[in-house]
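Go by the hints and put chain F onto chain E.
From first to last, the protein sequence lines are chains E and F. Quick note on this note's numbering: the first sequence kicks off at 1 and runs consecutively. Quick note on this note's numbering: the second sequence kicks off at 106 and runs consecutively.
No wet-lab data here; the hints were simulated from the structure. Any given hint might turn out to be false.
[Stated by the list, open to error] Covered stretches of chain F (chain E as the covering partner; in silico rule of three or more C-beta atoms under 8 Å from a C-beta of chain E):
{"no.": "1", "segment": "196-209"}
{"no.": "2", "segment": "220-228"}
{"no.": "3", "segment": "338-350"}
C-beta: ideal position from N, C-alpha, C; glycine also.
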Amino acid sequence: MNIDQLKKIAKQSYDANLQKANALKKAESDQILVYKNHIFHADAETICFVRTASEGMSSFFMLDSNSNPVEITDPPEFLDLLLQRNQSVLNTYHQLYQNIKNRKV
Amino acid sequence: MTKGVLLYCFDTPQVSYSKITDRCISLIERNLDLPVTVVTDADTKLRIKSNCDKHVVDIEKGNTKFSKPWYNLERHLAFEHSPYDRTVVMDVDYFCYSDKILRLLESENDFLVHKNAHDVMHREIMRYDRQAMLDLVWATVLIFNKTPRTKAIFDTVKLVKQNYQHYCNLYRISYMNFRNDYAFAIALNQINGHRDYDLIPDSIATVPADAEILELNDKGAVIRWDNKTILVQDQDLHFLNKEIAYV
Numbered sequence: 001m002n003i004d005q006l007k008k009i010a011k012q013s014y015d016a017n018l019q020k021a022n023a024l025k026k027a028e029s030d031q032i033l034v035y036k037n038h039i040f041h042a043d044a045e046t047i048c049f050v051r052t053a054s055e056g057m058s059s060f061f062m063l064d065s066n067s068n069p070v071e072i073t074d075p076p077e078f079l080d081l082l083l084q085r086n087q088s089v090l091n092t093y094h095q096l097y098q099n100i101k102n103r104k105v
Numbered sequence: 106m107t108k109g110v111l112l113y114c115f116d117t118p119q120v121s122y123s124k125i126t127d128r129c130i131s132l133i134e135r136n137l138d139l140p141v142t143v144v145t146d147a148d149t150k151l152r153i154k155s156n157c158d159k160h161v162v163d164i165e166k167g168n169t170k171f172s173k174p175w176y177n178l179e180r181h182l183a184f185e186h187s188p189y190d191r192t193v194v195m196d197v198d199y200f201c202y203s204d205k206i207l208r209l210l211e212s213e214n215d216f217l218v219h220k221n222a223h224d225v226m227h228r229e230i231m232r233y234d235r236q237a238m239l240d241l242v243w244a245t246v247l248i249f250n251k252t253p254r255t256k257a258i259f260d261t262v263k264l265v266k267q268n269y270q271h272y273c274n275l276y277r278i279s280y281m282n283f284r285n286d287y288a289f290a291i292a293l294n295q296i297n298g299h300r301d302y303d304l305i306p307d308s309i310a311t312v313p314a315d316a317e318i319l320e321l322n323d324k325g326a327v328i329r330w331d332n333k334t335i336l337v338q339d340q341d342l343h344f345l346n347k348e349i350a351y352v
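One chain only, chain E, in its complex shape (with noise of 0.2 Å):
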């Protein structure tokens, strides 16, 4: 490849990147979820904890984005929404990611 090929290559990676973090700081956005109140992203390690804690706890107390405690008294439930969430989110971003992979070269 001559050097011209190279360049236009480096560039379109570049713009690629630049749009995945823009869809990434997209989903972040997306991800921020109001249950009871508090503030929570609806992201894996919430995930993770809410399922974890669930096991074998009918509630259960956790912090919120802010670090302000929240008891959860229906973890089915919160679960459930942070799922929802989480997979409409990541779903979307997915999209745009085939998208601008697409777009590469």
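Structure of chain F alone, referenced to chain E:
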């Protein structure tokens, strides 16, 4: 509990903020479906076409940004201006392309603000005063209930505004023109006993002033900078380029 959006809109000789406000309100109607009150001056009121409540005030002038008039000296009165129990104060150049604000309104936090913003071109240019002794907040979006604590925050902002030079010296803030971002950062810091306070957990996607806005529609914007063109949609955007009034 009543909920609504409070906007501040004052046309300047350079920028038609009333046009930007009309775009902002159309997106609020589309994605938030909340009532809107616009605090404005008598002249600008005539140019706002949107169907909303308009509250006319005599504005305080004198502040500048890049040597041009900058009418940003009213926001500390939002507690008094707001007719709502739970209020979103928003810059008119913050366009709601998502329902994020609506979700945040369901929270119990009596005062929420962003601490983080990022440039959609990802150039790491948004942290612009690293010398200051406190973290900046972005007064672009404020969510508050009317409580004694939030009244104290707004009253402290008034105090900071009256003695802005002193507070700039105290906190080693080099930007000497009055900025709501700093005034609210100082007030929150003081009212919270110089400790952490509750925040909106994400980062404001910001379209920088030097980016060209090629297209604006109901879903988002096409933006160009340095021959790079990107499409950003379905996420809230804060436009620093006031050319959005004319796109």
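Tested hints:
1. 196-209: Coverage by chain E holds for the segment 196-209 of chain F (4 residues, Cβ < 8 Å).
2. 220-228: The restraint on the segment 220-228 of chain F holds, since 4 of its residues have a Cβ under 8 Å from chain E and three suffice.
3. 338-350: Three-residue rule met by the segment 338-350 of chain F, so holds; n is 3.
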